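Asks: So you can see what is in the structure, the chains are spelled out below.
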Amino acid sequence: MKNTLIISIVLLLTAQLICIPRPSYAVYEETTEFKPVFVPNEIIVKYKPGMAPLDLKTQAESLSTSNTNKSSALESYNQAKLLNQSLGIVNTDTPAEVVDGVVLYQTNGQVGVEDAVNRLYLDDSVEYAEPNYYYYSLVTPNDQQFSQQWDMKKINLPSAWDKTKGSSSIKAAVIDTGVMSNHSDLTGKIVDQKGFGLCSPGADIKGHGTHVAGTIGAKTNNTTGVAGVNWDVGIMDLRASCDSRGSFDLNSITRAIDYAMNNGAKVINMSLGGPRGSRAMADIITQAVSSGVTIVAASGNAGPGTADNNFPGAYPNVISVGSTTINDQISSFSSTGSTVDVSAPGSNILSTWNNGSYRSISGTSMASPHVAGVVALMYALNPSIRPSEVKSILESTAVDLGTPGRDNAFGAGRIDALAALNKVSGSGSTPPTPIVGNPTPTPYPNITNNPQPTGTGGCTVLGDYDCNGVVDKADYTKLLTDLIAGTATIKKFEEWRRVMYAGQ
Amino acid sequence: MARKSLYLSILILLLSVFLFTYHQVHAYIDMGSTGYTKESYAKNQFIVKFKPGLDPKSLKSKIAREINNQTDLISKIRFIVKNFRNPSSSEKQLRSILNAQKSAGVIKVEDMGLTGPGKTYLMTTDGTKTHDQIKSIYDKIPQVDYVEPNYIYTIQQPTL
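Listed in order, the protein sequences are those of chains C and Y. So that you can map any letter, position 59 of the first sequence is 58 in numbering that gives the first Met the number 0, and since no number is skipped, the others follow by simple counting. So that you can map any letter, position 32 of the second sequence is 31 in numbering that gives the first Met the number 0, and since no number is skipped, the others follow by simple counting.
Don't read these hints as lab results, they were simulated from the structure. These figures come from a predicted structure and were not determined experimentally. Any given hint could be a false lead.
Here are the computed lysine-lysine pairs in the DSSO-like style, where the Cα-Cα straight-line distance is at most 30 Å [stated by the list, open to error]:
| # | chain 1 | residue 1 | chain 2 | residue 2 |
| --- | --- | --- | --- | --- |
| 1 | C | K193 | Y | K101 |
| 2 | Y | K50 | Y | K101 |
| 3 | Y | K50 | C | K193 |
Taking the hints into account, I'd like the entire structure generated from these sequences.
Replies: Okay, structure coming up:
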């Protein structure tokens, strides 16, 4: 009686399962990063031994095969070919071989990849069929305090680092209060140090410059401290402020810009500002930008309506950066105005400090180096990109916040490192090169769950009833058996169903 | 009475020393945490950009070259006299610049070495003239592209 009840429940649930509508096309999964799940119009198929269409064709054409077998092989081949044609497969006779016995089919796109895979899977000759999945690694550096660096995750750096972690040949100039170059998280990253005005190089009594430099390129994945936007970058420490107030004179700033331009800097960060525009600074900035140097500066910390009077940020050929919070709000201090180009995290930013430790501080000073750092990453991908293109890419790929479209608080929006890098490499909608051929084929296409190459195995995955690290139909088969045996619960079945068909 | 005068003299002397020291130490106007409310620039310093080839250094070189091009002593003297009368000669131009420097109280001239056409100099003055007076003096010199104070900027970090 009990068994009958359980079987009835299982049958009822199975019927519900069958009736769940599935999308006929699902090339893109709706994730926060909107990454494609599999390659459009490609299917990977493994046939049972001797059942691959090509094998059947060879068998049918072989002189050593008996006539009966020839006829049988030809019939099976024709059936397979017909099936493939109905699914829009265009290379049944000329598939690419992924690994031994596994072929990669191309389709004409008239039938969705998911539907084609499901249909092939029902074919007796097929051992398994699946989309050509994309795999994405999310690079998580092992720096001890990386978990506190909300800013890095907010601008999508872990994904961006898949494309590039930077290049030590790209020089990023930091015109600031100096950099503590022997900070354990900065050693070896400073490629040049120079002082301007009254400042001698190689010191930072303020801490500000050390913080900025750490954001751009602290030693990363070294199990210590913080991560930088760039894992590899050459930082030019151009010390133009050396008093206790963190003030710079025009003379020192212009000379530092000139030095950076003539000594190979690709990007200059200026986390500084003042209310007066200067001809001398405007002239040297124009020359630097003309020679291919991108200049990034803070929009200012005087709050609403003051960015247009904050220089150098207010110059049209400088990327002026506003500050955002962990919740993607504009920071209360962030200067706003028509000259703000983009925004970046600037509230409570953790980075290196001048006493060898780390400190969390705020300011558009802290937002600017995030942008400068991403610019350095862009140059690592393509060193010949023009400053105007850099600015345009950052703006067009920024996440629009606040009032829809450009606004005076966020500019074009909060920067997105991955989106920017995708555009630099000319592959705006093309994901990274996929790992073709899943080394552990799943017996059923797991369309709705983006596969994770480093996914946790065992029973820690919700819905993974058979504990093989994958939520698939094999879990259902085992569940069914165990439910009948009375060793599984309906709750487990529900867990599996929810995960397996999430979002449908 | 004599003692009173002595005390007064010492007091005046001390006050003078204090004021002088204060003036030197506080060469920069404090802008506070965000700045912007005051005009801020380095005291007794300004920046002058000269038109290409018309800065003092270039003019001096040009004059030396022109004199050297004269073959004999008579020609050299004739050239100098002729230039002295010519208002657009290099020598006259240099002289007007040097006169301006003197009027502005310039005590130090430093070539900033910036890339690009025309030289830019950081001038330090004796403090006898205001920035407006200095600007007025240099604006009258046709060889000058622009003159501006040595503005002060600050880090953009409101919280420490």
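Asks: Is the hinted pair K50/Y and K193/C satisfied, with a Cα-Cα distance of at most 30 Å?
Replies: holds (29 Å)
Asks: Just to be careful, I want the Cα atoms of K50/Y and K101/Y compared with a cutoff of 30 Å; is the pair within it?
Replies: Holds. K50/Y to K101/Y sits at ~20 Å (cutoff 30 Å).
Asks: Take a quick look at whether K193/C and K101/Y sit within 30 Å of each other, Cα to Cα.
Replies: violated (33 Å)
The structure fails to meet hint 1 from the earlier list, while all remaining hints are met.
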